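Based on the sequences and whatever the hints tell you, model everything.
Protein sequences appear in the order of chains A and B. Position 46 of the first sequence, counting from 1, maps to 381 under the working numbering, and the rest follow consecutively. Position 73 of the second sequence, counting from 1, maps to 56 under the working numbering, and the rest follow consecutively.
Worth flagging that the hints you see were computed from the coordinates, not collected in a lab. Hints are not guaranteed to be accurate.
[Claimed, not checked] Calculated pairs, PhoX-like style, for lysine-lysine (alpha carbon to alpha carbon, straight line, at most 20 angstroms):
(1) K405(A) x K392(A)
(2) K392(A) x K85(B)
(3) K25(B) x K344(A)
(4) K85(B) x K406(A)
[What the hints assert, rightly or not] Chain B stretches covered by chain A per the calculated footprint, using a threshold of three residues with CB under 8 angstroms from any CB of chain A:
(5) 22 to 33
(6) 89 to 98
Since we're looking at a predicted model, the values are computed, not measured. We put the beta carbon where it would ideally sit given N, CA and C, even for glycine.
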Amino acid sequence: NAGVTQTPKFRVLKTGQSMTLLCAQDMNHEYMYWYRQDPGMGLRLIHYSVGEGTTAKGEVPDGYNVSRLKKQNFLLGLESAAPSQTSVYFCASAPQGDTEAFFGQGTRLTVV
Amino acid sequence: AQSVTQLDSHVSVSEGTPVLLRCNYSSSYSPSLFWYVQHPNKGLQLLLKYTSAATLVKGINGFEAEFKKSETSFHLTKPSAHMSDAAEYFCVVSPFSGGYNKLIFGAGTRLAVHP
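Structural data, given as structure tokens:
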């Protein structure tokens, strides 16, 4: 039972570098989300998608872009990484609105 | 606007004693409410959820929560703490608006359990 899989699990970037985080789910869920987790702040929504080909901004979208070309995948891109983007990133998926979300194991990103 | 407040950032209990993690929410609509648990260096796992059925919700590992609309609260309890309960707990509100599931997270409560 794979569920929600995030790659990579760890990454160190230099300021200004770019990278893409991949989230894959095998549960045929419509909704997918990207969150970042910082100490004392809970999880904050970066971007989300309510279906293949759709994306929308969450609470903290600046500096990130996303794409949902296939239903099972949700990509999070950092075009020019900044130290403020050092965080743990979680992807989640849900069958529909107002339902339980299933989370990946997280990606720990450090920008130096 | 919808929001959720976890009233304690840290809670410390002795093994075998009751656990109470407090959560208050604000929502313009009838919300769904969740508690998630995160063990160190792990992802998030659903403990329980309230979706307008019974106001007392039972979850996994002996946890339960009571939805009190008049107090806008959804406190998490467990009669007897176990060492394995040490983790961070998140209260989450998902307002029912007919649209997307935004899952608004509280800041978290770190539970420590001492022998």
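To test your reading of the hints: which numbers does this structure violate? The structure conflicts with no hint, since it agrees with every one listed earlier.
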